[in-house]
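Enquirer: Let's have the full structure, built from the sequences with the hints guiding it.
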Amino acid sequence: MSTDDGEVRLPERIRDFELVKSVRTPIRLRYDYRPSAAAASYLWAYSERRIVGHRSPVDGAVFIPPRGVDPRFGVATFEEVELPDTGHIGNFCITHLPIPGREGLEVPYVSAWIHLDGASVGFLGLVRGCHTGEVRIGMRVRAVWKPDDELAATAENIMHWEPTGEPDVPISRSGNQAFQGPSQGMS
Amino acid sequence: MTDMTEVQLMVRLLEAARSSIGLEQADIGFTCSGSSDFLAGQAFSFVQTLDAVGAFPPISESHVEMDGAFAFYEAWVKLQIGEIDTALVYSYGKSSPGSIRDVLALQFDPYYVAPLWPPSDAVIALQARQLLEFGIVSLEGLAEIAVRSQRNAVGNPNAVRASSTVTVCDILAEEVVTDPLRPSDLAAEADGGCAVVLATGSRARDLCDRPAWIRGIDHRIDTQALGVRDLSTVPSVVAAAQLAGAMEDRIDLAELHSLSTSQEALLLREIGLGSEIEINPSGGALAGNTLMAAGLMRIAEAADRISKGEADRALAHATSGPCLQQNLICVLEGA
Chain H
1 MSTDDGEVRL PERIRDFELV KSVRTPIRLR YDYRPSAAAA SYLWAYSERR IVGHRSPVDG
61 AVFIPPRGVD PRFGVATFEE VELPDTGHIG NFCITHLPIP GREGLEVPYV SAWIHLDGAS
121 VGFLGLVRGC HTGEVRIGMR VRAVWKPDDE LAATAENIMH WEPTGEPDVP ISRSGNQAFQ
181 GPSQGMS
Chain S
188 MTDMTEVQLM VRLLEAARSS IGLEQADIGF TCSGSSDFLA GQAFSFVQTL DAVGAFPPIS
248 ESHVEMDGAF AFYEAWVKLQ IGEIDTALVY SYGKSSPGSI RDVLALQFDP YYVAPLWPPS
308 DAVIALQARQ LLEFGIVSLE GLAEIAVRSQ RNAVGNPNAV RASSTVTVCD ILAEEVVTDP
368 LRPSDLAAEA DGGCAVVLAT GSRARDLCDR PAWIRGIDHR IDTQALGVRD LSTVPSVVAA
428 AQLAGAMEDR IDLAELHSLS TSQEALLLRE IGLGSEIEIN PSGGALAGNT LMAAGLMRIA
488 EAADRISKGE ADRALAHATS GPCLQQNLIC VLEGA
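Protein chains in written order, with this note's numbering: chain H, 1 to 187; chain S, 188 to 522.
Please keep in mind that the hints were generated in silico from the structure rather than gathered at the bench. Since we're looking at a predicted model, the values are computed, not measured. Cβ coordinates follow ideal geometry from the N, Cα and C atoms, glycine included. Certain hints may be false.
What the hints assert, rightly or not - Pair by pair, the computed Cβ-Cβ distance ranges are:
(1) S:Val355 x H:Ile14: 47 to 53 angstroms
(2) S:Arg397 x H:Glu80: 41 to 47 angstroms
(3) H:Ile14 x S:Glu320: 28 to 34 angstroms
(4) S:Thr410 x H:Leu126: 44 to 50 angstroms
(5) H:Arg9 x S:Phe321: 33 to 39 angstroms
(6) S:Thr410 x H:Ile14: 37 to 43 angstroms
(7) S:Gly388 x H:Thr154: 49 to 55 angstroms
(8) S:Trp304 x H:Thr154: 26 to 32 angstroms
(9) H:Leu126 x S:Gly388: 53 to 59 angstroms
Expert: Spelled out as structure tokens, the structure:
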């Protein structure tokens, strides 16, 4: 209710009420997510301590985790490829701020792009087992799995990646091998 | 409902759309999609669906968090600029993992309305109740629309609700689910997708024997607040139809994105479509509502019939928002 002078005047019977300053409206939506056949197969293999990628029918590039499609060409992929749980770091970032609600994650921590031996692309992983200053592109790592009786069909099976101590992968051969355009790629 | 992911669904549709006219992704000047993260339950879900396009080397691309009909409009605008002559538009919706009712409740004002979580079918029924009370529709009239949809849908391989024998009596015998509406009054939910290729001038003539030309296209929007609108009218569709030049010549068929029989009755009245016009020969969204794609499908169904020579001039309608809040009209011609 407003008057000609623009001032808002409340009706008599609510004039003494405390003004509402904020409202809290919780929102929650629930989904029953069904991963693709490729992702489901990958997750079941993961629960058996196996890592399974997909090979592209176009040029043999190996994608992990598999999504049933080669995103460069928009074609379906079907061929499964077993991959080892060793690889190298393609890129990384050191974070000094903690994540609220993730008390188990000590700072500083290293998020890295893990490129498995035989895979053409990487995926995100946590790197532990060395000083953050030692982490570098090309550093060889291996997975640290949860105990066998704790494995399930979930990406949480691999807790983190630790350095193996082997010689680095040269930078020119590190990282993404699938998305090389004419102006990209190193000698 | 499908077990396939949205990406797997679209891989085959996109390949079919391009290859049917001999195009590869590199030949496409602009790609635009329509979808909703709220259906997928995942932020930026449409980016992942680009895997189905084969977007490498990088492409010129855009996305609307809306029905693909509005992505179609964006592509049409882009083509007007004159720098490209082909565009690919696609949209998809997989609503089975979540709940359409809950997702659509979040379309509303977050302070006063969304916290009440109004179910989408109840909101549609609100408008239907008003139309009944005003004498604009009758229950028998609504049942006739339901019957027409199910009978037309028999010839549509993508329909999920079709029947060649259903009658008005059968519909009226159904138990009311959201007063005054019965199950057959409401659109049947379906997972799916749609892909359409647009081309200008001589390029279109090279690619297709009988293109469906976009002679007019426009979309308008009313206020979101239901209490402010007169739900027995649809000013935005009247304006859009006028600006698109819908009634400037005879119309052979109309594909309307009505999500209930009551909405269909209201659209026919507001646009001014008479009984001589074939309405929803595909069965319409009532026969299979793929949220986020049903509007684009109306355009595709109309265009398809023009290209096949079954019609010379068609009207396609798409809507967004509660109770026909936003409406797009596209006029297609074969000549």
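Enquirer: Could you say whether the range 41 to 47 angstroms given as a hint is met by the Cβ separation of S:Arg397 and H:Glu80?
Expert: holds, 45 angstroms
Enquirer: Regarding H:Arg9 and S:Phe321, is the given constraint of 33 to 39 angstroms on their beta-carbon distance met?
Expert: Hint holds: Cβ distance 36 angstroms, inside 33 to 39 angstroms.
Enquirer: Okay, S:Trp304 versus H:Thr154 on CB: inside 26 to 32 angstroms?
Expert: 31 angstroms Cβ-Cβ, so the 26 to 32 angstroms window holds.
Enquirer: A range of 28 to 34 angstroms was offered for this pair. Does it hold for the Cβ distance of H:Ile14 and S:Glu320?
Expert: holds, 32 angstroms
Enquirer: Tell me if the beta carbons of S:Val355 and H:Ile14 are separated by a distance inside 47 to 53 angstroms.
Expert: Given about 51 angstroms between the Cβ atoms, the range holds.
Enquirer: Starting from the range 49 to 55 angstroms, see whether the pair S:Gly388 and H:Thr154 falls in it by beta-carbon distance.
Expert: With Cβ atoms ~54 angstroms apart, the hint holds.
Enquirer: Looking only at beta-carbon atoms, does the pair H:Leu126, S:Gly388 fall within the given range of 53 to 59 angstroms?
Expert: With Cβ atoms ~55 angstroms apart, the hint holds.
Enquirer: Has the hinted range 44 to 50 angstroms been met by the Cβ atoms of S:Thr410 and H:Leu126?
Expert: For H:Leu126 against S:Thr410, whose Cβ atoms are near 49 angstroms apart, the range 44 to 50 angstroms holds.
Enquirer: Honestly, do S:Thr410 and H:Ile14 meet the 37 to 43 angstroms range at C-beta?
Expert: violated, 27 angstroms
Taken one by one, the earlier hints fail for this structure only at number 6.
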